[in-house]
Amino acid sequence: MQQRSATERAPAPVSVHFVNNVLAAAASYVDDDPDEARDVLAELSAFLSYRLRTEPLDVPLAQELDHVGVYVRLQQARFPDRVQAQLPGRRDAPDVRVLRSSVQDPVAQLLGGRLGEHPGPARLVLRALPDGSALEADVSKPDGGDLARVHIPLGMEVAPT
Amino acid sequence: MTENGGLAILAVDDEPRALADIRRLLEGSPRVDRVATATSAKEALVYLSGGKYDGLLLDVHMPEIEGMALARLLRRFADPPGVVFLTGHPDAAVEAFEVQALDFIVKPVSSERLEAALERVEEHAGRSVPAVPAAPSDEPAATGPDVVAVDNPKGGGKRLVRLEQIQVAQANGDYARIHAPDGRFLLRTPLSQLEKDWAPVGFARVHRAYLVNLGHAVELRALPNGTAVLVMRDGEEIPVARRNVAALRRRLNA
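Those sequence lines, one after another, are chains A and B.
Each residue of the first sequence is one higher than the last, beginning at 1 in my numbering.
Each residue of the second sequence is one higher than the last, beginning at 1001 in my numbering.
Honestly, the hints are just simulated from the structure, not real lab data.
Note that the Cβ used here is the ideal one computed from N, Cα and C, for glycine as well.
Accuracy of the hints is not assured; some may be wrong.
Pairwise CB distance ranges (calculated) [unchecked claim]:
#1 T1227/B x A42/A: 57 to 65 angstroms
#2 E1236/B x P119/A: 50 to 58 angstroms
#3 R1113/B x H151/A: 40 to 48 angstroms
#4 H151/A x D1091/B: 26 to 34 angstroms
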């Protein structure tokens, strides 16, 4: 297992741009789909609650994957026709603990970057490697073109500070 | 400006939901007559080459051509529209003013904040709208019809009601229910349209569901939760949404 100090592994700051744009999307649903507006706000609340907590530093991978799912649904609320996602289920997640947001941060960088820089739909596929040592996140066009991949090692321990 | 004297606005944002929200707000503004939307700078250029717009509401960050680059390009136009930036990035304000943007709004946008930006667009377009609309009088309004035809609940057909007699229009699905001294009548027009049509004769939207003839209001009463009620001559109390309280207080000098 690799080790990092708590200061080295701090999650990326919550993006003000992301939060403001999710709120703008929620506002857009208020009149024509109030239930959707409420759901977007509830998802944003869950997202921020998870991200703003500082303890515990590490969480079960399944919990982190739930957080990735929330992030993806918020992006889908912003871009309803542009984001396709395939995420591993809880049963498929290796039974390890990971640092909080250590999966969502690189996924956000990959998917957010694609949506911000390229028009058209994007497909995110997140899967665990067979040996359970890492996750791989792919972002591409729906037909698999323009593939970008990020490798996310699992099972880091937090060194005492 | 359009033939009706209102603003023509082009809103540009690659986020469809945010764009839908801005469109809804613009369509509800009494200052705006025509709204077009584009999801990219390229599409915006097509609109701009095909028609005149007073204002461009422009997202800063978009794929391919960013909003700031489009704003710089527009400065080469002979008669460019006034640019108002919309963004989730508060840090981009300095750059926005370097390209002489009229305003810079952080999303999500409140209707009050949008109106302030549209006022700047009006000034840029050479049109000034009085802050306080003319009070209703016995004379017919110069800018619109002074009567409306409403459904007559007795015997069917239509009945004519003078605008000055209408105290309140209340949203009723896609229609509006108007409150007049001799009864309440259904008007087959959405409240958002009435807001535009009747703003010049002293009506104001005080709540999502209420458009009020300010000439019939006698008191603005603040409530502890930040909202307010507007008391009418006949004692009816109309709720005022929190976001409308400050603007209404200014209009009434209350």
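Tested hints:
Between T1227/B and A42/A, the C-beta spacing of about 24 angstroms breaks the proposed range 57 to 65 angstroms. A hinted range of 50 to 58 angstroms holds for the C-beta pair E1236/B and P119/A, which are about 51 angstroms apart. Between R1113/B and H151/A the beta carbons are some 43 angstroms apart, a value that agrees with the proposed interval 40 to 48 angstroms. Our hint of 26 to 34 angstroms for H151/A and D1091/B holds, since their Cβ atoms are close to 31 angstroms apart.
In the structure shown, a violation is registered for the earlier hint numbered 1 alone.
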